[in-house]
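S.K.: What follows is the residue order along each chain.
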Amino acid sequence: MTSATLHFDREVMNLLHASEGKPLSRCIQCAACAAACPVVDFMDHTPRLLIAMINADEKDEVMASNTFWTCASCFACSEKCPEGIRPAEVMYALKRYSIWKNQFQDGMVGPDFSRRFVRTILRNGKSYEPGYAPAFIWEGGFTGAVREVQIALKLLRRGRLPLIPSRIKRIENLRRMVGRIMPLEGME
Amino acid sequence: MNKTYAYYPGCSVEAIAASYHVSTMEVAHKLGIELAEIDDWNCCGATAYAHVDELLANVLSARNLALAETEGRADLVAPCSACFKNLYFANEHMLNDADLMEHMNYALEEDDLHYSGTVNVHHLLEFFVNEVGLDAIREKATDRLEGLRIAPYYGCQIVRPRKKGQVMADIEAPHFFEDLVEAIGADVADFTHRLQCCGASLVITNRKAALAMLREILESAVAAEADVIATACPLCQVNLEVYQSEVNHEYNTDFQMPVVYFTQLMGLAFGSKPKKVALGKEVVPVAKGLARKSE
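If you read the protein sequences in the order shown, they are chains D and A.
One point on numbering: in this note's numbering, the residue at position 20 of the first sequence is 20, and numbering is uninterrupted.
One point on numbering: in this note's numbering, the residue at position 84 of the second sequence is 84, and numbering is uninterrupted.
No lab work stands behind these hints: they were computed from the structure.
There could be a bad hint or two in this list.
Stated by the list, open to error - Covered, in the sense of this in silico footprint (three residues per stretch, anywhere, with C-beta under 8 Å from a C-beta of chain A), are these stretches of chain D: (1) 35–42; (2) 128–138.
Stated by the list, open to error - Calculated cross-link-like contacts (lysine-lysine; reagent style DSS-like; alpha-carbon spacing at most 25 Å): (3) Lys208(A) to Lys154(D); (4) Lys154(D) to Lys281(A); (5) Lys273(A) to Lys154(D); (6) Lys275(A) to Lys30(A); (7) Lys3(A) to Lys276(A).
All C-beta atoms, glycine included, are put in the ideal place defined by N, C-alpha and C.
Take these sequences, add in the hints, and give me the full structure.
M.R.: Right under this line is the structure:
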């Protein structure tokens, strides 16, 4: 069976191997998730509505929404759902789908940020903020960029910015480990 | 206590949150606890790895757990809430899913490692409260922080998602952080947003949303007349402290709320000099009252 013949809620659930959440078909549209969400005001669709859209197989509309890339992974919704659905995990599944299909709303920073982060870890085994953060410095325009530099300088003066990336000793082993999960070429 | 615990520092404490690491070591030393840094640990993957693939995210934690197990440690302690969450749930998933465990071990072969699932994962804050105990902490608190009003900020991933055996009250009404604040002699600033999200990486990917979230938390701490917010996570600390100026800029507010790690406050209560708990690297200066307490 190809993915094109799968109902979208199955595709989403298939990206949730380890989650113990209940199927989206159990959603009763009570909006407990939306009420618990601290960032709902910045979403195109509330988590409740997004789940309804998935269940209605409105794949294109869902993928065009900023909702899942606006999720901060605070898991408040997952703890509130009376039906045992884990909306935060569903947002993760949609992010995976979005990166896999390279399909997301114009202007979303999240996918690029996640990819850059993944590449940094594949290179060093550890995170290195100055390696990927500057790519996003222009998000707030010129004055925003000036403010970003000011913040960086404040941190630098206090010894809170790493000057050189730290690297784990067995980075080559880690890379081969990751290669057993997913081809490295696709991520670098 | 002679037991040695595996310590997983996490990437942030190497620079931006170095004061968390320094104060953790100081406090552990005073309590007579040995935290041994895991040799050659790697990044936990933060949220970004799970945004790409679940197995990919789990394999990073599997390596850290296997390293701790190989070093003979039964317990692993992580100071960062995001690292803790990733390590804890990767462990749980592997224990509950033999196929996943096998898959992870297949990948671990590349680093001559194997994981059999014997490590318990703790967040540093819960480790101090539950494993070391409030009595031991109270006993060491010779310089009790009398009169200081601390807002204990839990954030998210230390309490959510819920862990094995937990009930709703553990998620919605935790009090272990408040208990710790009281054990070091300070007053609890009971604020409404103690469990609300700091915005995490939205500070990079959706700045406006993150600033709105930060503003609410800061407002809530001010309303509770807090002198200082105590955090238990580098990301929460950086967002609340370093981006406070951006909240002020965006909303024309004038927040000047110090935000420090709970271990720094514990250290002061234990009689450590401010330098020993790495105070002085703040962007928002700690209140004079707080500095005076330790002189």
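S.K.: Would you mind marking each hint as holding or not holding in the structure?
M.R.: Results for each hint:
1. 35–42: This one holds; 4 residues, not fewer than the three required, reach chain A with a Cβ under 8 Å.
2. 128–138: This one holds; 4 residues, not fewer than the three required, reach chain A with a Cβ under 8 Å.
3. Lys208(A) to Lys154(D): Given pair Lys208(A), Lys154(D) holds - Cα atoms ~21 Å apart, limit 25 Å.
4. Lys154(D) to Lys281(A): This hinted pair holds, its Cα atoms lying about 10 Å apart.
5. Lys273(A) to Lys154(D): Holds. Lys273(A) to Lys154(D) sits at ~24 Å (cutoff 25 Å).
6. Lys275(A) to Lys30(A): The given pair, whose Cα atoms are some 15 Å apart, holds under the 25 Å limit.
7. Lys3(A) to Lys276(A): Within the cut-off at roughly 24 Å; holds.
The structure agrees with every numbered hint stated previously.
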